[in-house]
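A.B. asks: Residues per chain are reported as follows:
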Amino acid sequence: MTTLARGRTDLLAGLWGGLALSSGVALTATSGWLIVRAAERPVILTLLMAIVSVRAFGMARPFFRYLERLRSHDRALDDLARDRTDVYAALIPLTPARLGRRSRSAVLTGVVNDLTDVVESQVRVRVPVLAAALTLVFATVLAGALLPVAGGVIAVWALVTVALHRWGLGLERGAQPVVGAARAEVGRAADLVARHTAQLQAIGAEGEVLARLDRAQDDLARALRRQSRGRALVTGGVLGLTGIACVVMAALAVRSDLGAPVMALLVVVPAALADTLLPLADAARAQARAEEAQSRVDALLDQEPAVAAAREPSRTVHLGEIGTTDAHPGTSPTVQLGEIGTTDAHPGTSPTVQLGEFFTGETDPKASRAVQLGEIGTGVPHLRLAGVTAGWVDGRRDVGPVDLDLPPGRRVAVVGANGSGKSTLLAVLARALDPSAGRYLVDGTDATGLGLEEVRGLVAVVDDEPHLFAADVRANLVLAAPDADDTAILAALHVAGLDGWFATLPDGLDTGLGAGGRGVSGGERTRIALARAVLSGRPVILLDEPVAQLDHATATAVMRDVWSATEGRSVVLVSHRAEGLDGVDEVIDLTADSPTSASSAQLTAASTPKDRP
Amino acid sequence: MKPFDTRLLTAVPAARRPVTALAVVAAAQGAAAIAVAVSLALFVAAVATQGDWRTRGVWLLAAFLVRALLAVAAERVAVSAGATVSSALRRGLLARWLSVPVDERPDPARASVLATEGASAVEPYAARYLPALVAAVVVPVLAVVALLFVDPWSALIVVLTLPLLPLFAALIGASTRDDTTRRWQALEQLAGHFGDVMRGLPTLVAYGRARRQVDVVRTVSERHRGATMRTLRLAFMSSAALELLATISVAIVAVVVGLRLSHGSMSLEAGLLAILLAPEAYWPIRRVGQEFHAAADGAQALDDFVRAGDGLGSVTAPEPSPTHRTSGWGVGLTAVTGPSGVGKTTLLDRLAGVRRTDRLPEVTAAADRLGISADLGSGAVHYVTQQPFLPDGSVTEVLTLGAGDVGPERQWEALRRVGLDGVVMALPDGFESRLGDDGFGLSAGQRTRLGLARALLSDAPVLLLDEPTAHLDGDAAALVHDLVVDLARTRRVIAATHSPQLAALADDHVRLGARVEVPA
Numbered sequence: 001m002t003t004l005a006r007g008r009t010d011l012l013a014g015l016w017g018g019l020a021l022s023s024g025v026a027l028t029a030t031s032g033w034l035i036v037r038a039a040e041r042p043v044i045l046t047l048l049m050a051i052v053s054v055r056a057f058g059m060a061r062p063f064f065r066y067l068e069r070l071r072s073h074d075r076a077l078d079d080l081a082r083d084r085t086d087v088y089a090a091l092i093p094l095t096p097a098r099l100g101r102r103s104r105s106a107v108l109t110g111v112v113n114d115l116t117d118v119v120e121s122q123v124r125v126r127v128p129v130l131a132a133a134l135t136l137v138f139a140t141v142l143a144g145a146l147l148p149v150a151g152g153v154i155a156v157w158a159l160v161t162v163a164l165h166r167w168g169l170g171l172e173r174g175a176q177p178v179v180g181a182a183r184a185e186v187g188r189a190a191d192l193v194a195r196h197t198a199q200l201q202a203i204g205a206e207g208e209v210l211a212r213l214d215r216a217q218d219d220l221a222r223a224l225r226r227q228s229r230g231r232a233l234v235t236g237g238v239l240g241l242t243g244i245a246c247v248v249m250a251a252l253a254v255r256s257d258l259g260a261p262v263m264a265l266l267v268v269v270p271a272a273l274a275d276t277l278l279p280l281a282d283a284a285r286a287q288a289r290a291e292e293a294q295s296r297v298d299a300l301l302d303q304e305p306a307v308a309a310a311r312e313p314s315r316t317v318h319l320g321e322i323g324t325t326d327a328h329p330g331t332s333p334t335v336q337l338g339e340i341g342t343t344d345a346h347p348g349t350s351p352t353v354q355l356g357e358f359f360t361g362e363t364d365p366k367a368s369r370a371v372q373l374g375e376i377g378t379g380v381p382h383l384r385l386a387g388v389t390a391g392w393v394d395g396r397r398d399v400g401p402v403d404l405d406l407p408p409g410r411r412v413a414v415v416g417a418n419g420s421g422k423s424t425l426l427a428v429l430a431r432a433l434d435p436s437a438g439r440y441l442v443d444g445t446d447a448t449g450l451g452l453e454e455v456r457g458l459v460a461v462v463d464d465e466p467h468l469f470a471a472d473v474r475a476n477l478v479l480a481a482p483d484a485d486d487t488a489i490l491a492a493l494h495v496a497g498l499d500g501w502f503a504t505l506p507d508g509l510d511t512g513l514g515a516g517g518r519g520v521s522g523g524e525r526t527r528i529a530l531a532r533a534v535l536s537g538r539p540v541i542l543l544d545e546p547v548a549q550l551d552h553a554t555a556t557a558v559m560r561d562v563w564s565a566t567e568g569r570s571v572v573l574v575s576h577r578a579e580g581l582d583g584v585d586e587v588i589d590l591t592a593d594s595p596t597s598a599s600s601a602q603l604t605a606a607s608t609p610k611d612r613p
Numbered sequence: 001m002k003p004f005d006t007r008l009l010t011a012v013p014a015a016r017r018p019v020t021a022l023a024v025v026a027a028a029q030g031a032a033a034i035a036v037a038v039s040l041a042l043f044v045a046a047v048a049t050q051g052d053w054r055t056r057g058v059w060l061l062a063a064f065l066v067r068a069l070l071a072v073a074a075e076r077v078a079v080s081a082g083a084t085v086s087s088a089l090r091r092g093l094l095a096r097w098l099s100v101p102v103d104e105r106p107d108p109a110r111a112s113v114l115a116t117e118g119a120s121a122v123e124p125y126a127a128r129y130l131p132a133l134v135a136a137v138v139v140p141v142l143a144v145v146a147l148l149f150v151d152p153w154s155a156l157i158v159v160l161t162l163p164l165l166p167l168f169a170a171l172i173g174a175s176t177r178d179d180t181t182r183r184w185q186a187l188e189q190l191a192g193h194f195g196d197v198m199r200g201l202p203t204l205v206a207y208g209r210a211r212r213q214v215d216v217v218r219t220v221s222e223r224h225r226g227a228t229m230r231t232l233r234l235a236f237m238s239s240a241a242l243e244l245l246a247t248i249s250v251a252i253v254a255v256v257v258g259l260r261l262s263h264g265s266m267s268l269e270a271g272l273l274a275i276l277l278a279p280e281a282y283w284p285i286r287r288v289g290q291e292f293h294a295a296a297d298g299a300q301a302l303d304d305f306v307r308a309g310d311g312l313g314s315v316t317a318p319e320p321s322p323t324h325r326t327s328g329w330g331v332g333l334t335a336v337t338g339p340s341g342v343g344k345t346t347l348l349d350r351l352a353g354v355r356r357t358d359r360l361p362e363v364t365a366a367a368d369r370l371g372i373s374a375d376l377g378s379g380a381v382h383y384v385t386q387q388p389f390l391p392d393g394s395v396t397e398v399l400t401l402g403a404g405d406v407g408p409e410r411q412w413e414a415l416r417r418v419g420l421d422g423v424v425m426a427l428p429d430g431f432e433s434r435l436g437d438d439g440f441g442l443s444a445g446q447r448t449r450l451g452l453a454r455a456l457l458s459d460a461p462v463l464l465l466d467e468p469t470a471h472l473d474g475d476a477a478a479l480v481h482d483l484v485v486d487l488a489r490t491r492r493v494i495a496a497t498h499s500p501q502l503a504a505l506a507d508d509h510v511r512l513g514a515r516v517e518v519p520a
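Going line by line, the protein sequences match chains A and B. Mapping of the first sequence onto UniProt numbering: position 580 corresponds to residue 580, and the numbering continues sequentially without gaps. Mapping of the second sequence onto UniProt numbering: position 271 corresponds to residue 271, and the numbering continues sequentially without gaps.
Next up, chain A with everything else stripped away, as it sits in the complex (with noise of 0.2 Å):
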């Protein structure tokens, strides 16, 4: 398991900070100080001491607190560095059957943003928590010095608005759950309206969701409130213990044989103090955002791998026999991103090209049998599944026991109600997931006896989601076959019918693509990733879903196209809907008579779906 960088607290960052704060409490001091002690009419000379340390502290002040900014950051993001790198090598194994059988992206977009509030709490917390800490101790021991029983109002002071400030943490923490579920239900109804929007007026329920919508926003906004009396304690705490601080102070002061000036200088003293504690009211937060995110985030990647195969000690990573990066030709190896924007070696490529050279290059070790170039790797296998069950946790079963027979270049389709275990069928055959009994036979050897990677190196999935990467179109495809030149790819997207599209892009295969890059439309997305499968080579291709999210006559010309493109190659589609159905030469229906029997399917080779006239 992977842990994080966490209680990694950066000393010298606290130290910057602590004395940028101590700065600041003693240039308000040493002002209140001098004051008085002007007004006494003394000797010029007798002040310059006092007039050189004002000004050494005002210049000290934001000088370390530049300090202190650069290096926590600098730390911060030197953490993140290595947390991402971490917790991505760890996320492998566990790809993609521990990441939830729905929403994977979404999953993973709250991974990315979970590592971020962790390593913030570096910044946002530890270091001012720490420098905060260095300047009680020095207010302290400043006031100790002049007057004993000064330092100990300063220490006592301290330690109750401490207390306070734990209370506030302890309501942060129990508010920052409300708030996170509340927040969630209230994305979930928007999400809601913003997609459907066409299904929901259909149906005349515009006034319902919007209902639903008001009920969560208004319990967004209770917990938000009740998320609220953790800063408005500390701060209004903060505050009137100040007040009382400099009274009491006073009090002790006016009892001293001590001088006017010191005196003024004690009484200040708490309120230039409370400049410095005001702040850390947002730590709170920050740390019970931090603490939410961890467990989150410990709690994914403190799974097992579903492959047993992926949990050999041989098979973690070791990143030196990672290879270097072999540029595509055609894209320069030498381009640095910290560059981008400033020298243009290649007129009308745009930054977003340059990020495709990080999809280039070799294959992971051990993975493919060497495909070349789109074409069909010199025998198809035989894939059977015999008697097999699965399930996505140990223990649950969700498909089968099922038996299924692909020989080379035979189409199946998987249909069934959904939760009648299509998807973990695909998920057994892509080894994504280890039967729990039953044989999975590749050419009639066990599949789990043969290498991971090479099982997997014969299959390719296209699921309803595909990703498209920040990157051209290029290095999109050439992902699932690292020797593809453009002829090779030019073909791939002829044969998932994207001719026409193609035609319309302004840089052809440099036209970057993904997020910042050309939007593409469901329709053309799922040619892509059909694209990159025909690319890749792989003999059997693995559909599931495909067409899920495309309108009935998109998804007719997208399965056309899928039948075409797969010629030769054996092809399980699962799907819940007809379109497609008709290009297959069997049909397996998962479900059985009563859906709550869904587990103990059986087999049954129906004829021809329904409805296609």
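Among the hints, a few may not be true.
So, partial list: chain A residues that the calculated Cβ filter (under 8 Å) puts toward chain B [claimed, not checked]:
| id | residue |
| --- | --- |
| 1 | LEU34 |
| 2 | ARG41 |
| 3 | VAL52 |
| 4 | VAL54 |
| 5 | LEU200 |
| 6 | ILE244 |
| 7 | PRO466 |
No lab work stands behind these hints: they were computed from the structure. Yeah, the Cβ is synthetic: ideal placement off N, Cα and C, and Gly gets one too.
With chain A's structure known, arrange chain B on it following the hints.
C.D. replies: The following block gives chain B in isolation, referenced to the frame of chain A:
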């Protein structure tokens, strides 16, 4: 970005009250900060001169107490304002989208981002930036006015040096703008890379490309760190410069006060007041500068909202108005037939009002002939699409979505008529069983029938059915045919269908694509 986008108040009337409250509390807070500075100065003077420090101590305590209470109030008001403003924006926009056809809405993915993250980004804009802005306007003015009474010379110094802060900020900003913009672009790409690779992780794993990316993630993260630090160094440097400028300005006040004090030309009280009031003039301006950058996202989102909403505030939730529930469209069954892709669904979309424009003259002609034009949200038309929308929820929730308050008897009746009563009765929790990923699954045919049951529960005088028997076998199809005919006795039913049996039952026919050649 303007300091304050007044469209917030014009476009979102609901924002006016909380923003006003926010401004009032922030102004009062500023006044309290001045009061604390004044009472502290007087208190210190009394302590130093062994004067009546007890009375002044009470005043000081009172000032701190007021400031503390106002801080509590400000916290609450700011949070409320943030929630109210973002909620009003979100609701206004979604209500508007629900009242217009698909042609006038952004695509679903963009719409979702705007309605979720966009609206949330406005929260800190209202909750943090606006109070800072008010403080930046109110507090320096109050501080200068107070100084005028106490010591006009100090006031003059502050008035002369104060404009240097925004001027310096603008100069630094202008001289680094190009550089910053360029870096931000690179930075955004680098920052986006990790998210991109993470979201694409399943794809990378599937093609055996994931492990190679570990090294890339490390490299890019390191570059991200470098690029971020270059940008931050500049930002921190200018922030330090501004702080130094403010410190020097206060120091000038202090030096002048000190000299006059030691010459005896100024009282200690006035000197302390001047030295404690002067900093109050500078910090709010620095703070608003910090919040300004944090609020940039919110300001951008606000801009997107006002554009997308186009008169957001005027939109209210579309309430079903009984006046539209006319039954002037008669009764009977109309069958819409024609080959796939000819525009049957587009025709139904138009009749339902969810789509306004189309490029198919034949569809337009057919729509005109059928003469049905309902307003969105009027409840006059209920439209069962090919993939009826079934949200995650219990059977009851799915069934009554859009139908309002419907008793269990009518729900059973509706399920019975589509032949699903047995299925639901067999479920362990009956009506309360959950549909969807974590619940029990439905076949495509069952989904269609559930959609039809929902149509039965609506009292819309017009029903539009898109391929109601597409996924059904013989028995179920016959059941649905009877149901459709039955419905057509009391309502106007228009069904797009490939089924000759259903078409044969129709009173009226619309044939699309008769003369048009349709590509296979």
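A.B. asks: The structure should be examined with respect to each hint, and the outcome stated for every one.
C.D. replies: Here is what the structure says about each hint:
| no. | hint | result |
| --- | --- | --- |
| 1 | LEU34 | holds, 6 Å |
| 2 | ARG41 | holds, 5 Å |
| 3 | VAL52 | violated, 12 Å |
| 4 | VAL54 | holds, 7 Å |
| 5 | LEU200 | holds, 7 Å |
| 6 | ILE244 | holds, 7 Å |
| 7 | PRO466 | holds, 7 Å |
Checked against the numbered hints given earlier, this structure breaks only hint 3.
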